[in-house]
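K.L.:
Given chain E, work out where chains P and C should sit, using these hints.
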Amino acid sequence: MDLTIKDIEDIALLARLNLSEQEKETLIKELGTLFNFVDKLQDLDTEGIEPLINTLSVYNVFRSDEVRQSPSREEMLSNAPLTEDGYYKVPKIM
Amino acid sequence: MQLYELTLKQLKSKLINQEISSSEIVDSILDRIKVVDEKVKAFITVTEDMAKNLAKDLKQNSESKVLTGIPYGLKDDMCTNGVRTTCASKMLENFTPNYDATVVSRLKDQGGVLIGKLNMDEFSMGSSTEQSAFFATRNPWDLSRVPGGSSGGSAAAVAADELPFALGSDTGGSIRQPASFCGIVGFKPTYGSISRWGVMPFASSLDQVGIFSKDVQDCATVMNVIAGKDQLDSTSVDLDSTDYISYLDTNIKGMKIGFPKEYFQKGMNEEVKALIMKALNKYEEMGAIVQEVSLPHSEYALQAYHVIASAEASTNLARLDGVEYGLRDFQADNVVDMFSNSRAKGFGDEVKLRTMFGTFVLSSGYYERYYLKAMQVRRLVNEDFNKVFQDVDVIISPTTMNTAFKIGQKADDVLSLYMNDVLTVPVNMAGLPGISIPCGFIDGLPVGMQIIGKPFADGSVLKTAFAFEQNTDYHKQKPVLGVN
Amino acid sequence: MYSEYEVVIGLEVHVELKTKTKIFCGCSTDFGAEPNTQTCPSCAGFPGMLPVLNEKAVEYAIKAGLAINSQIAEYCKFDRKNYFYPDLSKAYQISQFDLPICQGGYLDIEVDGKRKRIGITRAHMEEDAGKLVHQGTITSTPFSFVDLNRSGVPLLEIVSEPEISSAAEATAYVEKLRSVLLFAGVSDCKMQEGSLRCDVNISVRPKGETELGTRAEIKNLNSFRSIERAIEYETKRQIEANLDGEEIVQETRTWDEEKQVTRSMRSKEEADDYRYFPDPDLPPLRISEDWVKRIREEMPEMPEQAQKRLVDKHGLSEYDASVLTLTPQHLAFFDESIELYSDAKTIANWIMGELNRLLNTNNIEIDNSKISVQGLTNLLKLIDQGQISGKMAKEVFEEMFNSGQSPEIIIKEKGMAQISDEATLIKLIDEIVLNNPKVVEDYKQGKKKALGFFVGQVMKATKGQANPAIVNKLLKEHLSRE
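Chains as they are written, first to last, in this note's numbering: chain E, 2 to 95; chain P, -11 to 472; chain C, 9 to 490.
Bound-form chain E, shown alone (with noise of 0.2 Å):
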């Protein structure tokens, strides 16, 4: 597969990292090798084939609709790094 830095940066967006031009450029090889490599796996005929999701079979796990006492909100803030009045704070949206 040939990626483009354009591929690259698309994806980058998506996942939300900002990448230097030398992570670009590095990653255009790493990945190219790694899809490459997973490519084989288009040797396998797999018309009609369910895929598998999960090896359990298990179904309907449920908890009864039952309120569980929160944790103090100071004790929910204490990893935040930054907050006010009760509320993660962040940067603006747009």
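If you're looking for bench data, these hints aren't it; they were derived computationally from the structure. Since the structure is predicted, the reported quantities are computational estimates derived from the model, not experimental observations. Misleading hints may appear alongside valid ones.
Stated by the list, open to error - Some chain E residues near chain P, calculated using beta-carbon distances under 10 Å:
{"hint": "1", "residue": "Leu4"}
{"hint": "2", "residue": "Phe36"}
{"hint": "3", "residue": "Val39"}
Virtual Cβ for every residue (Gly too), placed ideally from N, Cα, C.
P.N.:
Using the frame of chain E, we list chains P and C on its own:
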């Protein structure tokens, strides 16, 4: 023998007989860490004060619990209330959870004493523990070599007698491969038998918590404590009545053992192969029936694994965005840049690579060709095992193609590093139990044998391992660290 | 010019299911708590947290599905919808992609006397995101603030077919949807609290054209009025763009309540690519026929059944019946009233007229108002007994609505009782007739207006409290004697 050299079982019997106190054990372990860990570098965090205080309180009358006074360590992807949990990443360097992972609560409830948090490849992405954002861990058998990974810190600590046992997590071999490189027991149980709640995920459909120990007996003891249904993990299964110790007997007469021909292909160290063949002979001597089996889709498992694991990882790690916790870039004046800069600063190269790859394979235009295809191949790999397990009770193979490699040796070659997992990955793809136990040495470096069982036949795997261990003494050999 | 175009509308309605706890954790869903006091490591997206599905949320989703005539899936699963936003704690939303819990369905609406069936494509379960609070507006604020109390509240997203062709149809559809969900008891559907929110997909095309035009999506409309206005505005905007030869871009727009316009939300350089895939943390669901049957049997009377009952049993018009079944509280109010007062039409008129007017002005629901069934029916009896005029009764009703006081006491305290005493009225009439000889002449010459003048004078003198029927009778008697 020093206290730090003893197994869990030996320590427990000394405690019960009141020959020693918990504090003496903990002190012995902490002293050992002080002496050897500057060489091995297994620990990210040592919880010395907490451990000492806890051990003090455990002095009397508490021998009723399974782990009372027994020290243990945790891979640093397991959340610990009040103890920072870094996943060996700058992203979580200062993250201190307010909760214990379910496995941690269970160890605590049974009186275990946490000694510290162990090094790993960043977010478990790696096979050498060189990808830790902090430092590389060394193999106790040869400090110039890697301990394997991603749970390399856990394996090295147990091998270096810094801990009697430790927990790790295994997504594609991250327990079995380092156990093999470090010459100890490493067990990845069936997917669903141990709660994943509170353990930072790599790939949720493949991850399983497991155990590093000095012998199979200890492994079964710890399994009894941590396995079983957890209401907080929808993918955990009810096995509460299982007593893993009850499986430990040496009578394996008539047991059918398969060895998959595909696992002995090119690239394998001939001496490794020879050691496994020798082990199979041993099993035959013990009355087992050994036969060749075929897992024809093995050669596609590693590729499918990388697609699935990276895809899942890319979204599991998306929550690390600098809002609720974790590293944040404060320069950014808008939220998109804040996300992108924080993640760029917080993640190492391997994490970035796999995040990018995982995002690619899930994005439109790639999804069918890669992600969906890989999930179909996963079905084929699974069916291979189902078929073989109609004929045999367990499957035996080497854990790795070779012994531990030198630090830095594979730094520039992504694929050769990934090839490390080629024999362990299919087990995760099918959710099966797998154990690595020592089965010999090549040039002073340990070699591991992998035993794979049917789903939820964890007891059979432990039994098979136990029978071999009882008839050999590879597990009793210890590395010389140049200190004592 | 505009009449040469038609508008095609599809609606995506999000309703919060009224479980006590969130869909994947045990945090409370109560509305209006202090920010970040109803969160835990799970709904705040901390490392290692896993979702465990709230069974009640599934039950409500099935109930809702039955209420909108959907097929309940025998097998469904949850998927991750991946995107970064500060209010989305895990950076993915657990939702349902290709296998939703409810498939197909429809609702019948009525606009201007015409019935129309609106198809429903699907309804799926998902978790709500948190809330962002801005200092000033979203575009001018240097910082935003994240409250995760709403993160993880269970939602059902109900997607209609693009079969709606006017603002009136759109509001009728949402009204109908709201009504069936309220009757099914699965959601509060409080638009002002955001427990029912509406996204509108809208495009225009020349009449006769079969291809759909490029659509815009207007996000997060949270009142009937804004749905209506936004559709009207957007229809006009798109037709004008068409007429001016401008290209319409497929985009997300937002409704500016203040300026009454829709505006483009963001000029995104990236296309949305949500990278849906099955969530490995959640086992799939198998919904047995038995389970669906059990829930079907528990279903209460739905609006259409109730409407039929109101028409058949109480002789109400179809229109009245449809208004009385907009909410279960309205219906209950009617049903309880009819036990105490036999004239169904009168009760209906009061509920649909005065009661609804006051509920709307005060923006509250019947359950939160002070009005009681006992109060209304007593008031109606007082009118029948001639103790109060119909006109005065409306004033009394408003007072009852505001204070919760009984009509008897209000009438007494305010001296609003009707004057029916003939002696008092005759005295008054004598005086008025005496003072207006000119008008008496007019009356005698057959000018009917003259009688009205005298009635008015009596009412004025009694501040409206005179019994008009008796005044009429007495006046006629008096004037015929002149």
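K.L.:
Hint by hint, note whether the structure agrees.
P.N.:
Here is what the structure says about each hint:
With a cut of 10 Å, the hint placing E:Leu4 at the interface with chain P holds, because the nearest CB-to-CB distance is about 9 Å. Look at E:Phe36: its Cβ gets to within about 8 Å of chain P, closer than 10 Å, so that hint holds up. Interface restraint check: E:Val39 against chain P, minimum CB-CB distance 4 Å, threshold 10 Å, status holds.
The structure fails none of the hints (numbered hints given earlier).
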